[in-house]
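2 protein chains.
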Amino acid sequence: MNATKIFLAEKDMPRQWYNLAADLPNPPLPPLGPDGNPVSPEMLAPVFPMNLIEQEVSTQRWIDIPDEVNGILKLWRPSPLYRARRLEKALGTPARIYYKNEGVSPAGSHKPNTAVPQAWYNKQFGIEKLTTETGAGQWGSALAFACALVGLECKVFMVRISFDQKPFRRLMMETWGGTCIPSPSDQTQAGRAVLAEMPDTPGSLGIAISEAVEAAVADQSGKTRYTLGSVLNHVMLHQTVIGQEAKKQLKLAGEKGADVIIGCAGGGSNFAGLAFPFVADKIAGADIEIYPVEPTSCPTMTRAPFAYDHGDTAGMTPLLPMHSLGHAFVPAPIHAGGLRYHGMAPLVSQAIVEGLLTPKAYNQTTCYAAAIQWARTEGFISAPETSHAIAAVIEEANKAKEEGKEKVILFNWSGHGLMDLLGYQKYLAGDLVDIPLSDEDLARGIAVMKDLPKPEIRKTGKW
Amino acid sequence: MNATKIFLAEKDMPRQWYNLAADLPNPPLPPLGPDGNPVSPEMLAPVFPMNLIEQEVSTQRWIDIPDEVNGILKLWRPSPLYRARRLEKALGTPARIYYKNEGVSPAGSHKPNTAVPQAWYNKQFGIEKLTTETGAGQWGSALAFACALVGLECKVFMVRISFDQKPFRRLMMETWGGTCIPSPSDQTQAGRAVLAEMPDTPGSLGIAISEAVEAAVADQSGKTRYTLGSVLNHVMLHQTVIGQEAKKQLKLAGEKGADVIIGCAGGGSNFAGLAFPFVADKIAGADIEIYPVEPTSCPTMTRAPFAYDHGDTAGMTPLLPMHSLGHAFVPAPIHAGGLRYHGMAPLVSQAIVEGLLTPKAYNQTTCYAAAIQWARTEGFISAPETSHAIAAVIEEANKAKEEGKEKVILFNWSGHGLMDLLGYQKYLAGDLVDIPLSDEDLARGIAVMKDLPKPEIRKTGKW
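Taken in order, these protein sequences are the chains called A and B.
For the first sequence, this note's numbering gives the first residue as 12, with consecutive numbering after it.
For the second sequence, this note's numbering gives the first residue as 12, with consecutive numbering after it.
These are calculated hints, taken from the structure and not from any lab test.
Small disclaimer: the values here were computed from a predicted structure and weren't measured.
Hints are not guaranteed to be accurate.
[Claimed, not checked] Beta-carbon label-pair distances, calculated as ranges:
#1 B:Gly415 x A:Pro77: 54 to 64 Å
#2 B:Pro178 x A:Asp445: 47 to 57 Å
#3 B:Gly441 x A:Asp211: 22 to 32 Å
#4 B:Glu413 x A:Phe136: 30 to 40 Å
Quick reminder that beta carbons are idealized off the backbone N, C-alpha and C, glycines included.
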C-alpha cells in the first residue's frame with residue numbers, strides 16, 4: 012500500500028463523541044462561581060442551552076452524534092488521513108508521518124466540527140440567534156458557516172485590530188449571512204464602557220467575550236445564546252471525531268496504531284480532538300507519546316501552573332481549573348493568533364497534571380521554517396497555529412533518524428493558512444523575531460491568580 | 012446510497028489523458044505564423060520543451076500519464092465528487108446535482124492539474140526555470156506550487172494592478188519559493204517599452220505574456236521555458252483527469268451517466284477538463300447537453316466569431332483558430348478575472364463550431380446571487396469564475412423542476428473564492444452592476460481581426 016491519502020467512507024463516520032472525562036484517573040473538577048462554590052448547570056442556562064450544558068458536565072464515555080449533525084459534517088468529513096511521504100523523504104527519516112487534513116472544511120479548519128453541533132443543539136432548544144467572539148477570525152467564520160446551514164442568526168464580535176487587518180475573514184462571515192462587528196462596539200454596556208475610557212483601543216479577546224456574553228444574556232426574548240469555539244468540555248467532545256476517524260484510517264493504512272501524537276494547542280480543541288481517543292488507549296496501557304504544542308510566547312502548558320482562573324480578561328466567566336498564565340496576561344503579538352490564549356482547556360490541563368501528556372513549546376521562527384519546508388514538500392500552506400505542530404513533527408522525525416528507529420507519528424494539520432499569509436511574508440523577508448516569555452512577565456501574569464481558590468488533582472497514574 | 016461525497020481510490024486514478032483532437036469530426040486546424048503558414052513544432056522550441064510541443068500537436072487519443080506526475084497529483088487527486096443535496100432541496104428540483112470539488116488542491120483550484128505535468132516535462136527536458144504570466148493569481152500560484160514540488164525555479168509576471176490589489180496571491184507564490192514581479196517590469200524590453208510610454212499603467216495580461224515569453228526566450232543558457240495555464244491543447248489534455256474521474260465516481264454513485272455537463276470557461280481548461288471525456292461520448296452517440304458558461308461582459312463563445320487570432324494583445328503569439336473578441340479587446344472589469352480573456356481554447360472553439368457544445372452567458376450579479384445561495388446551502392465559498400457554472404446549474408435545475416423531469420447535472424466546482432472575496436462584499440452591499448458587452452464594443456473588438464486569415468470548419472456532425 013503506497014497511498015498518499017487514506018479515505019474513510021461516510022458510512023464509517025463516528026456515531027458517538029468520546030468523552031475523556033469518563034476515563035481520566037481523577038474526576039474532573041467543577042467550575043467555580045465568584046463565591047468559590049461550584050457552578051450549577053442552572054446558573055449557566057442564560058448563556059448556553061441546557062442540552063449543551065448537559066454535555067459540558069457529562070461524565071458519560073460515549074455521547075450519540077445526531078444524524079442531522081453528521082449529515083452536515085459530511086460536507087467535508089471524514090477528513091482524509093495523509094501520509095507525508097515527501098516530507099519523510101526530505102528528512103531522510105525512518106518515521107512514518109501521518110496527518111489529518113482538517114483544512115478541507117468550508118471554513119478551512121477544524122472549527123466547524125463543533126460549530127455545527129453547537130448551532131444544531133441551540134436550534135433544537137428553540138434558540139434563534141447565536142453570539143460569539145473571534146480573534147483572528149477562524150472561529151467566527153466557522154460559526155457563521157454553521158448558522159447558515161442550520162438556520163440561525165449569527166453575530167460575531169471581532170477584536171477591532173483583526174477586524175481592520177483581516178477584512179477577508181469578515182467577508183467570509185457575511186457571505187454566510189452572519190453579522191460581524193468590531194469590538195469594542197457601542198452595542199453593549201461592556202463595549203461602551205471600554206470605548207469611553209479608550210476610544211482608540213485595538214480591542215482584545217477578553218473584551219470581545221464580555222460583549223458576546225452580554226449580547227446573548229441581554230436579549231429579553233430568551234432566544235439568544237452564546238457560543239465558545241474552544242476550552243470547554245463540550246467543545247473538546249465534538250472534536251473527537253478527528254481522532255476516532257484517524258484510528259480507523261491508520262488501520263486501513265496497515266498500521267497497528269500510532270507511537271507519537273502531536274497537535275498544536277491554544278484553547279486545546281484541535282489537539283484534544285485528535286489526541287483524546289488515543290489518551291484513552293494510553294490510560295488503558297498503550298505505549299504512546301502525546302505532545303500538545305504551544306508557542307514560547309504563550310507557554311501555558313510548559314511554564315504556567317494548574318490553577319483556578321477566569322476564562323476571560325475581565326473576570327466575568329466562572330473559574331475554570333486549568334493551566335493559566337493569569338487572566339490579565341497579554342501574550343506577545345505572534346502571528347499564530349489562535350495560540351494566544353492565557354489558559355488551556357480544563358480536560359487538557361488535567362491530562363497534563365495526570366502525566367498523560369508531554370507539552371512542548373517552540374519559537375515562531377522555528378515554526379515558520381517548518382511551515383516553509385512543509386509547503387515545499389507536502390504542498391499545502393499551513394495556518395500559523397498548525398506550523399507549531401509541524402515543528403514538533405520534524406523534531407520527532409529527526410530524532411527517529413538519529414536513533415535509527417521506525418515509528419508512526421500522527422498529527423493534526425488543523426487548517427490552511429491562505430487567509431493568514433502576512434507572517435510568511437515577514438519570515439521570508441527575515442523580519443520575524445522570536446519573543447519568548449520572560450521570567451518577569453511570567454511571574455507578573457501568574458500573580459493575578461494568587462487569591463483565587465487552588466485546584467487539587469492527586470496524580471494517580473503511572474505515566 | 013445517500014452519500015454526500017463519492018471518493019475514488021488513488022489506485023483508480025486515470026493512467027492516461029484523453030485527447031479530444033483524436034475524436035473531433037474535423038481535424039484541428041494548425042496555428043499560423045505571421046506569414047500565414049502553419050507553425051512547425053521546431054518554431055515553438057525556444058518557447059516550450061519538445062515533449063510538451065509533441066502533446067500540443069498530437070492527435071493520439073490517449074497519452075500516458077507518468078507515474079511521477081500521478082505521484083504528485085495524489086496530494087489532492089482523485090478530487091471528491093459531491094452530490095449537492097442541500098442545494099437540490101433548497102431548489103425543490105427533481106434533478107440530481109453532482110460536482111467535482113477542484114478546490115481541494117493546495118493552490119485551491121484546478122490549475123495544478125496542468126501545472127504539475129508542465130513542470131515535470133520541463134524538468135525531464137533539462138529545463139531549470141519556468142516563466143509565466145498571471146492575472147488574478149490562480150495560475151501563477153499553481154505554477155509556483157508545481158515548481159516547488161518538481162524542483163524548478165519559477166518566475167511569474169503578475170499584472171501590476173492585481174499585484175497591488177492581491178498581495179496574498181504573491182505571498183502564496185513566495186511561500187512556494189517562486190518569484191513574483193509586477194508587470195510591466197524593467198526586466199524585459201517589452202516591459203521597459205511600455206513603462207517608457209505609460210509609467211503609471213495598471214498592466215494587462217497581454218503585456219505580461221509578452222514579458223514572460225521574452226524572459227524565457229532571452230535566456231542564453233537555453234534552460235528557461237515559458238508556460239501557459241489555459242487555451243493550448245496540452246493544457247486541455249492535462250485537465251481531462253477531472254472528467255475521467257467523474258465518470259467512475261458517477262458509476263459508484265449508482266448513476267448511469269450525466270444528462271447535463273456544465274463548467275465555466277475563460278481560456279477553457281477547467282470546462283474542457285470535465286467536459287471532453289463526455290464530449291467523446293456525445294460524438295459516439297450519447298444524449299448529453301454540454302454547457303460552457305461565460306460572462307456577458309466577455310461573451311467569446313456566445314457572440315464572437317470563430318476566427319484566426321493572436322493569443323496575446325501585442326500580437327506576438329501565433330494565430331490560433333478560436334472564438335475571439337479580437338486580441339485588442341479589453342473586457343469590462345468584472346470580478347471573475349479568470350473569465351476576462353478575449354479568446355477561447357481552439358479545441359473548445361472547434362467543438363462549439365461542430366455543434367457539440369451549447370455556450371451560455373450570465374451577468375455577474377446573477378452569478379453572485381447563485382454563489383451566495385451555494386455558500387448558504389452547500390457551505391463552500393466559490394471563486395467568482397466558478398459562480399458562473401453555479402448560475403447555469405441553478406437555471407437547469409429549475410428547468411427540471413418546471414418540467415417535472417429527473418436528470419443528472421454534473422458540473423465543475425473549479426475553485427474556492429477565499430482569496431477573492433471583494434466581489435462578494437460589493438454584491439452584498441448592492442454596489443455591483445452588470446456590464447454586458449455593447450454591440451458597438453463587440454463590433455470594434457472583432458474589427459481588429461478583419462485582415463487575418465479565416466479558419467474553415469465544415470460542420471459534419473448531427474448534434
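Hint check:
1. Take glycine 415 of chain B and proline 77 of chain A: their Cβ atoms lie about 33 Å apart, and the range 54 to 64 Å is violated.
2. In this structure the supplied range 47 to 57 Å is violated for proline 178 of chain B paired with aspartate 445 of chain A, their Cβ-Cβ distance being about 25 Å.
3. Checked against the given bound of 22 to 32 Å, the beta carbons of glycine 441 of chain B and aspartate 211 of chain A, roughly 31 Å apart, stay inside it.
4. Distance hint for glutamate 413 of chain B and phenylalanine 136 of chain A: a CB-CB separation of about 39 Å, consistent with the stated range 30 to 40 Å.
In summary, the structure is inconsistent with hints 1 and 2 from the numbered list given earlier, while agreeing with the others.
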